[in-house]
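Student: All chains should be built: construct the whole structure from the sequences, respecting the hints.
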Amino acid sequence: MREQQTLDEALNNNKADFESMERRDRAFTRLLISTLMRRLGQIDKAINACMKRRLPAKMADVRDIIRLGAVQLLYLDTPPHAAVSTSLDLARGPKLSGNKPVMNAVLRRLSREGKDMLAKMDESQDNLPNWLWKKWVETYGEETAKAISLSHLSEAPLDLTVKESPEEWAEKLGGVVTSGNSIRLPAGTGDPVFLEGYDEGHWWVQDFAASLPALLLGSVKDKKVGDICAAPGGKTAELVTAGAKVTAVDSSAKRLTRVHENLERLQLNAEVIQADATTWQPKEEFDAILLDAPCSATGTLRKHPELGRIKRSDDIKTLADLQRELLENCANMVKIGGTIVYATCSLEPEEGQYQIERFLKKNRTRFERVPVKPQELGNADWLEMLLTKEGDLRCLPCHRHDEGGMDGFYACRLRRIA
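First residue of the sequence shown? That's 1 in the UniProt record's numbering, and the numbers climb one at a time after it.
Read the hints as simulated data drawn from the structure, not as lab findings.
Computed from a prediction, not measured in an experiment: that's the story for all the values here.
Don't take each hint at face value.
Claimed, not checked - With a straight-line Cα cutoff of 27 Å, these simulated DSS-like cross-link-like pairs (lysine-lysine) come out:
no., residue 1, residue 2
1, K135, K45
2, K45, K120
3, K245, K163
4, K224, K163
5, K100, K58
6, K254, K335
7, K283, K223
8, K146, K254
9, K115, K45
10, K361, K335
11, K335, K283
Claimed, not checked - Pair by pair, the computed Cβ-Cβ distance ranges are:
no., residue 1, residue 2, range
12, E142, T388, 11 to 21 Å
13, D116, T279, 56 to 66 Å
14, P94, T388, 56 to 66 Å
15, W280, S85, 29 to 39 Å
16, Y198, F28, 18 to 28 Å
17, M59, A380, 44 to 54 Å
18, P94, E325, 45 to 55 Å
Every residue gets a Cβ at the ideal spot worked out from N, C-alpha and C, and that includes glycine.
Tutor: And the structure:
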């Protein structure tokens, strides 16, 4: 968190240690850290209530050890003696071991009084950074902001996109068909690499909401399609499976390694190019472009709750500037009559509808917005709730919450007219 890394990045940077653990211990490690990130606001509030003075910044490691014990006591139903002893075992060396009495006292009190402390808190607001809560209230209203926040407090189900036969694969894997080729497995399914069909490339992991922007391109069979900012490759796979001739572009060589690996496992072919998409241009214009722009990813806190703690409000402006450059350059990559779908997994309007308003104002003679119809997303009646009055896609994490929700996504379809 202090190094502003995602959990996946942190685990990858400690890959040898992590992969040497038993499979069950790896799963518990993820659960431990993810639950701590989901509930960090309440956990810190409870810890502070147990101390006369807050721990200074230089004692951040002490606080982290207490946090790891607290999350087990308050949310994971770990027996108190185990949660306390394993936490204190982490306090090695003279700097930390001298603080064991404080750690022990706080954890013992939390084991006795912690649940009563939690009952007096507002879990929808206390677990979000204040700037993010205020922003969502301003954008969506307090009721919806509360629903969004609450949707982040449970582990998300596992969504897969299958190449074909979704009903058959849903039955094999113990899931249900969400819509189209997307199937959903229960939360707690575990590491997908151990599921049937992974090694054979029958499916890939992709949140249901993330599978929708590609549908806005319509039929892409035999069309030349640019997947801009393509890593890790889920949308590339979706487009290739639909019959498109895909060029996948990303600026990161490291992230493109994932694209190559996924395409190889899925036995799919696409042209993969490392380039800066704010300036790169194809040799021939594309029939269609899917721009899944880099963003704050605040729509993905269900799966990556740590993002709420490592992102800052200033990041949004920086990312919005990058998104604007990408969209302006993509405008010159597509044929007249061709389509651009702009998408972000952000809940912030600066990275969604405000970008489109600015772009259309500047390019009113070159591009037009093409509203999306509900039936383009699938056959289910409830899909209509995912569309704005302008006809853009706007998924919220609280949509279909009782069925597991979905990531927050925004997408707009544009057509080049001149």
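Student: Each hint should be assessed against the structure and marked as holding or not.
Tutor: Evaluation of the provided hints:
no.: 1; hint: K135 x K45; result: holds (22 Å)
no.: 2; hint: K45 x K120; result: holds (11 Å)
no.: 3; hint: K245 x K163; result: holds (16 Å)
no.: 4; hint: K224 x K163; result: holds (20 Å)
no.: 5; hint: K100 x K58; result: holds (16 Å)
no.: 6; hint: K254 x K335; result: violated (30 Å)
no.: 7; hint: K283 x K223; result: holds (15 Å)
no.: 8; hint: K146 x K254; result: violated (37 Å)
no.: 9; hint: K115 x K45; result: holds (12 Å)
no.: 10; hint: K361 x K335; result: holds (20 Å)
no.: 11; hint: K335 x K283; result: holds (12 Å)
no.: 12; hint: E142 x T388: 11 to 21 Å; result: holds (20 Å)
no.: 13; hint: D116 x T279: 56 to 66 Å; result: holds (58 Å)
no.: 14; hint: P94 x T388: 56 to 66 Å; result: holds (58 Å)
no.: 15; hint: W280 x S85: 29 to 39 Å; result: violated (56 Å)
no.: 16; hint: Y198 x F28: 18 to 28 Å; result: holds (22 Å)
no.: 17; hint: M59 x A380: 44 to 54 Å; result: holds (52 Å)
no.: 18; hint: P94 x E325: 45 to 55 Å; result: holds (51 Å)
Consistency with the previously given hints fails for numbers 6, 8, 15, ordered from lowest to highest.
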